[in-house]
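Start from the sequences and build out the full structure, keeping to the hints where you can.
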Amino acid sequence: MPVAAKSAASEKSTARGPGKDQAGAGAAAISILSREDEIKAYRAMLLIRRFEEKAGQLYGMGLIGGFCHLYIGQEAVVIGMGMAIAEGDQVITAYRDHGHMLASGMDPKGVMAELTGRRSGYSKGKGGSMHMFSTEKNFYGGHGIVGAQVSLGTGIAFANCYRDNGRVCLTYFGDGAANQGQVYESFNMAELWKLPVVYVIENNKYAMGTSVDRSSAQTDFSKRGLSFNIPGERVDGMDVRAVKAAGEKAVAFARAGNGPCILEMMTYRYRGHSMSDPAKYRPKDEVEKVRAEHDPIEMVRTRLIGEKRASEDELKKIDAEVRSIINEAADFASHEPEPDPAELYADVTR
Amino acid sequence: MPIEVLMPALSPTMEKGNLAKWVKNEGDKVKSGDVIAEIETDKATMEVEAVDEGTLGKILVPAGTQDVAVNTPIALILVDGESAKDLSAQPKAKLAPAPKSAPKPQPQPAKAPAPAATIAALPDVAVPEAPSEEVPAGTEMVTMTVREALRDAMAEEMRRDKDVFVIGEEVAEYQGAYKVTQGLLQEFGAKRVVDTPITEHGFAGLGVGAAFAGLKPIVEFMTWNFAMQAIDQIVNSAAKTSYMSGGQVSCSIVFRGPNGPAARVAAQHSQDYSAWFAHIPGLKVIAPYSAADAKGLLKAAIRDPNPVIFLENEILYGKSFPVPKLDDFVLPIGKARIARAGKDVTLVGWSIGMNYALQAAEELAKNGIEAEVIDLRTLRPMDIETVIASVKKTARCVTVSEGWPQSGIGAEIASRIMEEAFDWLDAPIERVTGKDVPMPYAANLEKLALPSVAEVVEAARAVCYR
Ligand SMILES: Cc1ncc(C[n+]2csc(CCOP(=O)(O)OP(=O)(O)O)c2C)c(N)n1
Ligand SMILES: [Mg+2]
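Line by line, the protein sequences are chains A and B.
Under the numbering used here, the letters of the first sequence match residues 1 to 350, in that order.
Under the numbering used here, the letters of the second sequence match residues 351 to 816, in that order.
These aren't lab readings, by the way, just hints derived from the structure by calculation.
This list has only true hints and no planted wrong ones.
Chain A residues, not near chain B, derived (Cβ > 12 Å throughout):
hint : residue
1    : I32
2    : E136
3    : N138
4    : E248
Keeping only pairs whose Cα atoms sit at most 27 Å apart, straight-line, the calculated DSS-like set for lysine-lysine is:
hint : chain 1 : residue 1 : chain 2 : residue 2
5    : A       : K40       : A       : K308
6    : A       : K280      : B       : K529
7    : B       : K541      : A       : K280
8    : A       : K284      : B       : K366
9    : B       : K374      : B       : K408
10   : A       : K308      : B       : K381
11   : A       : K289      : B       : K379
12   : A       : K109      : A       : K317
13   : B       : K381      : A       : K317
14   : A       : K40       : B       : K381
15   : B       : K374      : B       : K435
16   : A       : K316      : B       : K381
17   : A       : K284      : B       : K379
18   : A       : K316      : B       : K408
19   : B       : K379      : A       : K317
20   : B       : K379      : B       : K435
21   : B       : K742      : B       : K685
22   : A       : K205      : B       : K529
23   : B       : K541      : A       : K205
24   : A       : K284      : B       : K381
25   : A       : K316      : B       : K435
26   : B       : K374      : A       : K284
27   : A       : K284      : B       : K371
28   : A       : K280      : B       : K374
29   : B       : K374      : A       : K289
Here are the in silico distance ranges between beta carbons for each label pair:
hint : chain 1 : residue 1 : chain 2 : residue 2 : range
30   : A       : A346      : B       : D436      : 48 to 54 Å
31   : A       : T135      : B       : T422      : 40 to 46 Å
32   : B       : E523      : A       : G306      : 38 to 44 Å
33   : A       : Y345      : B       : K381      : 45 to 51 Å
34   : A       : K284      : B       : D436      : 30 to 36 Å
Note that the coordinates shown come from a computational prediction; the quantities given were computed from them, not determined experimentally.
Just so it is clear, CB atoms sit at the ideal spot from N, CA and C, and this is done for glycine as well.
Pasting the structure below:
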């Protein structure tokens, strides 16, 4: 172990956990968002929703190929967490990554152009939907192997600790990924060395066609760190306010040198696992119910209008703005040229 | 102007589909996310969601219509402020058409359920059925896909031996991520067809342990890319324990799943592990091409007392071949097959490499070069004798695979020929391989990264000096 990491580890805090209600206590505090923040969140979540719908459409037209995993339904998680981190904090996730990239401030045009495999995509067309990166925005991918990003994110946090740079790495993974062995190897090291990492488990109830009940002995993922003394909290991942509040506590905890913590985001994906999954393993009304009662975007919209903090017209204007950004991105991504053939051998090593 | 709703491609391979049902009617309000119709693809019934907000103005393709081509307009949506009279206006195309070089949905057999960009580039050739001593004369042949052949092989062995069971991700209730285990749960129940969590290292090790204890697991990896999580248990536990225990502990286990590049799934999901596993003493490695070989060799693999790596190919799953109709069709492991006889040059392939080799042979024949095509079928133990015998006749050899060149199977074949038939060679051995790069996502680059029939033809001509 490098010395820097050891010294951080020596700051042992006895008060475990980022908040009072640690280790899976259900009720996450909900912070009231300012009007500005609420509108910001609305717009950012809508941008992801429209982006994903458009990506689905381009896939339907054959412009996007291979695997394409849409994030529709889960938008509040990345936007709430995005509001909780500071400039310089890093983000890493799996293949359901378009939302994370947009939340990291990556350009919808560059993301969409990567989806269509064009030269102006973030990976020059060589990575595709599942493998995209932006070092400028501290987004470390985009990983196709389930669970791999958990150790990688822990390593980024290790580097933060090593350099003592005050940064925190948000490491996202799914309920399915939570069963991979390297997750627990990572938990152990992260706690042992008090690494500044927040593990965000996006529990959308399914890993492909396998529901959490069919894959997991302990279905409360916030407790998955308990044997390592890692505190965890269950959060309503459909409520952007709850996500932001829990995120702020967790990030502050990690940043203060207390080590990792786990946030289990209770969320839901509306679409199939990938474009070709008919999602026959869950009843239709399960999806309908979440959509009707807990849609992360509709909830903000209803609140803004109901509390008269925004007018219909104001939100309509945002809708139109978002739509035009997305249309522009789609147009760009379908007209950009493919990569130059010489690109085939570029960047293999450097 | 109303917005056109186009018939979507709902899987990487879909070209057309049936419009099963309209969920919304003309005049209904729709908003994005609403299901408006149901479409049957080759694999499943899928829902089509609206992306735009408005009113379903006109249904252009009625429910029940079969074989609607992808990108056909199926309905018109009226947006804010439009009414029925706007329907006659020129509809606004959703997006300007893609540039010439854009990936278009690839033409391919409508039935192929797996992504098939590569197979699209490789249209089916009739496989010349070399008369085989493995099949008794007069045996009735039935046409089936590789997918069905694999399924039947597992089902037959499970009926025969109650120690055989299948374990892996999505193998039971989902019927297999690529539908290879279709129906097994229904026939054999949840005790013998076991869905696992996503824990490759864990369930591979569990399988090896069960095999130590005498069961005969078939461990499915959703794809071989994910077996990298488990390679330690395969190499350090499965392959070596018979030896390390002085022959006391046996490990009769099959690890199987799709191997090699699929279509547009990029670097982490597109790689060929032939050379990786063929390197390991203690393993047997099988990589079949045809459905008959898939069936006969999978049955043999399940019965074999050793750990067997069974490398399938997603692109080949949907391809049909004649398969002998026999109650118990088992093929010998470690025997190559001469798929096409010839005298001028030996082409050696296995798995999907055969697709390139056989088509190249067809091309070469037009130019008066008669290629002998050998399907290795098993990579370890390798039937090098069959290759050597052929090279002694043709004096020339080209190997064909999608794997990377360095330290690949082609390199192994070349050195074995050098060792055992150097004096018979009239030209250096050529290898046609995947390019020495991780698989790129972009359609044009992916095509360049894969081998092609043209490259095989060119290599064969080069070694023939013609
Ligand atoms: C090591 C590995 N095993 C299997 C897969 C295939 N696979 C891709 S996504 C997935 C399900 C993951 O589910 P979850 O972690 O819950 O994430 P979600 O898709 O719900 O976002 C599986 C099994 C893979 N990509 N990598
Ligand atoms: Mg999940």
